[in-house]
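Could you slot chains B, C, D, E and F onto chain A? The hints should help.
One-letter residues, chain by chain:
6 protein chains.
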Amino acid sequence: MERALIIGRFQPIHNGHMEMIRRAAKRYELIIAIGSPLKSHTVDNPFTGGERYEMILRALRDEGIEAHIIPVPDIEYNGVWASHVMSLCPPFDVVLSNNPLTIELFSPYKRVMETSMFSRKEYSGKEIRRRMIEGEPWEELVPNAVAEYIKEIGGDERISYLSRTDEYV
Amino acid sequence: MERALIIGRFQPIHNGHMEMIRRAAKRYELIIAIGSPLKSHTVDNPFTGGERYEMILRALRDEGIEAHIIPVPDIEYNGVWASHVMSLCPPFDVVLSNNPLTIELFSPYKRVMETSMFSRKEYSGKEIRRRMIEGEPWEELVPNAVAEYIKEIGGDERISYLSRTDEYV
Amino acid sequence: MERALIIGRFQPIHNGHMEMIRRAAKRYELIIAIGSPLKSHTVDNPFTGGERYEMILRALRDEGIEAHIIPVPDIEYNGVWASHVMSLCPPFDVVLSNNPLTIELFSPYKRVMETSMFSRKEYSGKEIRRRMIEGEPWEELVPNAVAEYIKEIGGDERISYLSRTDEYV
Amino acid sequence: MERALIIGRFQPIHNGHMEMIRRAAKRYELIIAIGSPLKSHTVDNPFTGGERYEMILRALRDEGIEAHIIPVPDIEYNGVWASHVMSLCPPFDVVLSNNPLTIELFSPYKRVMETSMFSRKEYSGKEIRRRMIEGEPWEELVPNAVAEYIKEIGGDERISYLSRTDEYV
Amino acid sequence: MERALIIGRFQPIHNGHMEMIRRAAKRYELIIAIGSPLKSHTVDNPFTGGERYEMILRALRDEGIEAHIIPVPDIEYNGVWASHVMSLCPPFDVVLSNNPLTIELFSPYKRVMETSMFSRKEYSGKEIRRRMIEGEPWEELVPNAVAEYIKEIGGDERISYLSRTDEYV
Amino acid sequence: MERALIIGRFQPIHNGHMEMIRRAAKRYELIIAIGSPLKSHTVDNPFTGGERYEMILRALRDEGIEAHIIPVPDIEYNGVWASHVMSLCPPFDVVLSNNPLTIELFSPYKRVMETSMFSRKEYSGKEIRRRMIEGEPWEELVPNAVAEYIKEIGGDERISYLSRTDEYV
Numbered sequence: 024m025e026r027a028l029i030i031g032r033f034q035p036i037h038n039g040h041m042e043m044i045r046r047a048a049k050r051y052e053l054i055i056a057i058g059s060p061l062k063s064h065t066v067d068n069p070f071t072g073g074e075r076y077e078m079i080l081r082a083l084r085d086e087g088i089e090a091h092i093i094p095v096p097d098i099e100y101n102g103v104w105a106s107h108v109m110s111l112c113p114p115f116d117v118v119l120s121n122n123p124l125t126i127e128l129f130s131p132y133k134r135v136m137e138t139s140m141f142s143r144k145e146y147s148g149k150e151i152r153r154r155m156i157e158g159e160p161w162e163e164l165v166p167n168a169v170a171e172y173i174k175e176i177g178g179d180e181r182i183s184y185l186s187r188t189d190e191y192v
Numbered sequence: 024m025e026r027a028l029i030i031g032r033f034q035p036i037h038n039g040h041m042e043m044i045r046r047a048a049k050r051y052e053l054i055i056a057i058g059s060p061l062k063s064h065t066v067d068n069p070f071t072g073g074e075r076y077e078m079i080l081r082a083l084r085d086e087g088i089e090a091h092i093i094p095v096p097d098i099e100y101n102g103v104w105a106s107h108v109m110s111l112c113p114p115f116d117v118v119l120s121n122n123p124l125t126i127e128l129f130s131p132y133k134r135v136m137e138t139s140m141f142s143r144k145e146y147s148g149k150e151i152r153r154r155m156i157e158g159e160p161w162e163e164l165v166p167n168a169v170a171e172y173i174k175e176i177g178g179d180e181r182i183s184y185l186s187r188t189d190e191y192v
Numbered sequence: 024m025e026r027a028l029i030i031g032r033f034q035p036i037h038n039g040h041m042e043m044i045r046r047a048a049k050r051y052e053l054i055i056a057i058g059s060p061l062k063s064h065t066v067d068n069p070f071t072g073g074e075r076y077e078m079i080l081r082a083l084r085d086e087g088i089e090a091h092i093i094p095v096p097d098i099e100y101n102g103v104w105a106s107h108v109m110s111l112c113p114p115f116d117v118v119l120s121n122n123p124l125t126i127e128l129f130s131p132y133k134r135v136m137e138t139s140m141f142s143r144k145e146y147s148g149k150e151i152r153r154r155m156i157e158g159e160p161w162e163e164l165v166p167n168a169v170a171e172y173i174k175e176i177g178g179d180e181r182i183s184y185l186s187r188t189d190e191y192v
Numbered sequence: 024m025e026r027a028l029i030i031g032r033f034q035p036i037h038n039g040h041m042e043m044i045r046r047a048a049k050r051y052e053l054i055i056a057i058g059s060p061l062k063s064h065t066v067d068n069p070f071t072g073g074e075r076y077e078m079i080l081r082a083l084r085d086e087g088i089e090a091h092i093i094p095v096p097d098i099e100y101n102g103v104w105a106s107h108v109m110s111l112c113p114p115f116d117v118v119l120s121n122n123p124l125t126i127e128l129f130s131p132y133k134r135v136m137e138t139s140m141f142s143r144k145e146y147s148g149k150e151i152r153r154r155m156i157e158g159e160p161w162e163e164l165v166p167n168a169v170a171e172y173i174k175e176i177g178g179d180e181r182i183s184y185l186s187r188t189d190e191y192v
Numbered sequence: 024m025e026r027a028l029i030i031g032r033f034q035p036i037h038n039g040h041m042e043m044i045r046r047a048a049k050r051y052e053l054i055i056a057i058g059s060p061l062k063s064h065t066v067d068n069p070f071t072g073g074e075r076y077e078m079i080l081r082a083l084r085d086e087g088i089e090a091h092i093i094p095v096p097d098i099e100y101n102g103v104w105a106s107h108v109m110s111l112c113p114p115f116d117v118v119l120s121n122n123p124l125t126i127e128l129f130s131p132y133k134r135v136m137e138t139s140m141f142s143r144k145e146y147s148g149k150e151i152r153r154r155m156i157e158g159e160p161w162e163e164l165v166p167n168a169v170a171e172y173i174k175e176i177g178g179d180e181r182i183s184y185l186s187r188t189d190e191y192v
Numbered sequence: 024m025e026r027a028l029i030i031g032r033f034q035p036i037h038n039g040h041m042e043m044i045r046r047a048a049k050r051y052e053l054i055i056a057i058g059s060p061l062k063s064h065t066v067d068n069p070f071t072g073g074e075r076y077e078m079i080l081r082a083l084r085d086e087g088i089e090a091h092i093i094p095v096p097d098i099e100y101n102g103v104w105a106s107h108v109m110s111l112c113p114p115f116d117v118v119l120s121n122n123p124l125t126i127e128l129f130s131p132y133k134r135v136m137e138t139s140m141f142s143r144k145e146y147s148g149k150e151i152r153r154r155m156i157e158g159e160p161w162e163e164l165v166p167n168a169v170a171e172y173i174k175e176i177g178g179d180e181r182i183s184y185l186s187r188t189d190e191y192v
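Residue numbers (the working numbering), protein chains in the order written: chain A, 24 to 192; chain B, 24 to 192; chain C, 24 to 192; chain D, 24 to 192; chain E, 24 to 192; chain F, 24 to 192.
Only chain A is shown next, with the shape it has when bound in the complex:
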């Protein structure tokens, strides 16, 4: 069975991600790489790498999907980024992505398969984070286990609180 790499920030992992993972898991041994794992506690990156690892773990367990979850720290250097991912992750055969930068950077090194289909608006981390900030319901957009974990750690309140930037600086 070939190995495929999926990379995302997963802030948080949501139903759109899950749909892609579910399909991919049928054909590939999966590496799920967590991007920007050292970023947290901001409006765009509310959850730590460890919290995101836990969310993915629980979401996969609930569906009986196995995958290698690997945090891949930012390197801020696109010219070497593909080499960086390949040096840090175990060998893989194909990259699954719908992100132009990921596709562009991996193309010289790996087979890349574009996965553009699930881009429906509501299944986006940005929309989920917006709803958390506004106090709107967001739970339906993520797997149950993820919604529960986020509440358990107070994640929705955290992002809402952090968004209240005071101008006193």
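Since the hints were made in silico from the structure, they are not lab data.
Ideal placement from N, C-alpha and C gives every residue a C-beta, glycine not left out.
Be aware that one or more of the hints could be misleading.
30 Å max Cα-Cα, derived BS3-like pairs, lysine-lysine [claimed, not checked]:
#1 F/Lys174 to E/Lys133
#2 B/Lys174 to B/Lys149
#3 A/Lys133 to C/Lys174
#4 E/Lys174 to C/Lys133
Which residues of chain F face chain C? A few of them, derived with a C-beta cut under 7 Å, are [said to hold, decoys possible]:
#5 Tyr100
#6 Asn101
#7 Ala105
#8 Leu124
#9 Pro131
Sample of chain A residues at the chain F side, in silico, Cβ under 10 Å [claimed, not checked]:
#10 Met24
#11 Tyr100
#12 Gly102
#13 Ser106
#14 His107
#15 Ser110
#16 Leu111
#17 Tyr184
#18 Leu185
Frame of chain A; chains B, C, D, E and F shown alone:
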């Protein structure tokens, strides 16, 4: 006497900061931590860490307030930021802040006291920098010693000049 | 079941590591953290993070042991290192280690259990690397799957070749 | 003959740059420093440092201009930036620039000559990148050799493709 | 009164340092810069920047000496190091040092005064750390307040413990 | 004509380097990459990147050899190092090296030609630096223009002075 930490960028230190420091100095031995001390010469961060140290020093001397002034370099990693500040500064008991991120990050480790009262619009670094750029009077918003020092080093002209970004790039 | 963290560089994973992991796996859900995963191609750190991930994966599979394998990049800042590991890894309850620095740094935050027993000389990464360089047999010191993988990628020849530093610099 | 430093990001080098270089080359031995050489594959910084080196090389060769082309990596620390450039480049006598930050930072150390004249709108990297993204003709704004090279490496398609950010994150 | 900079790692501050500081304090307003403040928990750098700040503070208080204590993070770039210190510290007039590298790097920018006299062997951080590791008496080599503080935080035991590197890696 | 990359630290460039460059220049358009260009003022890396650029420039000019001289900053990450060099330098066809690490890291990406012949002991940077420190004659080991330049900037005295580390720390 307990030790309290106040952290800010102080670009520049202004009357709002001073009011908070004045009150805090009555109850605590103060650590004034200068954030982003390696940033300078931009519109948001016009003054060097050393210049800001000097401004704070002069402002405190004028009022007879003692404090430990400590530059705390950015670490760009919120998940360890509180540990970073605690590793770099001498031991302290409480954090005084009105910044949600600071409060969020320190809460697991230290007593945090919210100081939200002085957030009046005019007492903000952003407003002072805006006035410097526009050539409007800004001196009344900062302690006298600070206004003098900024003029002495040509700081108001510097930020005004730097704001003239030329599109030729 | 509690979660335990084991951290090492695993250059390469060897029988001493395996013995510790085997015992720990009976009592804990394991996180195996790979230290210095961005270091490779030196005499002390011959294998990439990805190669070490693969070795650990194969060694565990052969014995039916499950674990979360997580590369933890160096941060070169001991004062925040424990926070760094805790931010990057999913939550865990206990740290298993026989390394004084690891024990010292985690003690303020986590239950630490010292695992000093398997320190027999021959089961050390250093000894294995020395044998690879000298062309002595090293295969018996690591799990079979690891020995095979190292040969597959030419890892023993790599370290031997890299050790031939030429003084022409 | 005195040595002059010109520093820019050259994303890409264009006719405005060339006009400045042509004039300067008559009076000075030139150092052309490439800023942000480790940035690439973004809308603002589409080309790698090496690609920009090659473009400058070809543009200069076509006109018979000699210069030292030197990539100068970002240091993200304005307070030491001038020292950084002076430490990395061979000695020089004067800085030619129309960028306020460059002028401000070098003034304490070097003779700086302001070169404000060629700032015509169309001769800007930003405009050229915008045209590439929009599919409008951009070739006339850069030297022929540069236009050819960019097409050879598919650079205009690259930036256009990268600009199609998908919100699925 | 002129301002003088003294820079050291102060691992820990000892009687040799104090003698130099005592003399200097008579002629100068002192800046005591703590080098490598982000290093700790190693045999060469056992104490955190914050612990060293506290030690210096207590040692100075006991003698009624005032000084600005400023942690100066490493920059690992000698070519810009003097600029770095000058950017981070408030303005100063002279550097007091007996370290060839410090003298060499500051000479182009500042008046440097060599202070070679107190180099007696026993007054060295290295000797003190060696004694702590070996369990020999070290207290007489540092100010009383420093000896007390080190014991209070278990600093001598820490370095001794950390020195017991286990070869199991 | 093919392009060849030669990479070294050139601390300083010496007759061994020159012999290799002379031969290579007959067959290739040369890129001479300066490694560790941000290191200076130590016994192993006495000269700044800029000073080394100047030395190489003068040595080449004296012999009428043309080459692209490019400082390549360290990245401390062997797994991506070849990509880093290729991203920063203009395209090249072959790597000339006698350094096992360079050969190992470039082999997956580029044709590598081993240049082992000039490793005579006296033509080594280490020997030259040793002689400078000991005050022995070193000038004969480097091109005339380089010897002159080093004396002009006091480079031999600098390294000798820096080697006098005082134990007072």
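Here is what the structure says about each hint:
{"no.": "1", "hint": "F/Lys174 to E/Lys133", "in the structure": "holds, 23 Å"}
{"no.": "2", "hint": "B/Lys174 to B/Lys149", "in the structure": "holds, 18 Å"}
{"no.": "3", "hint": "A/Lys133 to C/Lys174", "in the structure": "holds, 24 Å"}
{"no.": "4", "hint": "E/Lys174 to C/Lys133", "in the structure": "holds, 23 Å"}
{"no.": "5", "hint": "Tyr100", "in the structure": "holds, 5 Å"}
{"no.": "6", "hint": "Asn101", "in the structure": "holds, 4 Å"}
{"no.": "7", "hint": "Ala105", "in the structure": "violated, 10 Å"}
{"no.": "8", "hint": "Leu124", "in the structure": "holds, 6 Å"}
{"no.": "9", "hint": "Pro131", "in the structure": "violated, 12 Å"}
{"no.": "10", "hint": "Met24", "in the structure": "violated, 25 Å"}
{"no.": "11", "hint": "Tyr100", "in the structure": "holds, 8 Å"}
{"no.": "12", "hint": "Gly102", "in the structure": "holds, 3 Å"}
{"no.": "13", "hint": "Ser106", "in the structure": "holds, 4 Å"}
{"no.": "14", "hint": "His107", "in the structure": "holds, 5 Å"}
{"no.": "15", "hint": "Ser110", "in the structure": "holds, 3 Å"}
{"no.": "16", "hint": "Leu111", "in the structure": "holds, 8 Å"}
{"no.": "17", "hint": "Tyr184", "in the structure": "violated, 36 Å"}
{"no.": "18", "hint": "Leu185", "in the structure": "violated, 32 Å"}
Hints 7, 9, 10, 17, 18, counting from the list given before, are not met by this structure.
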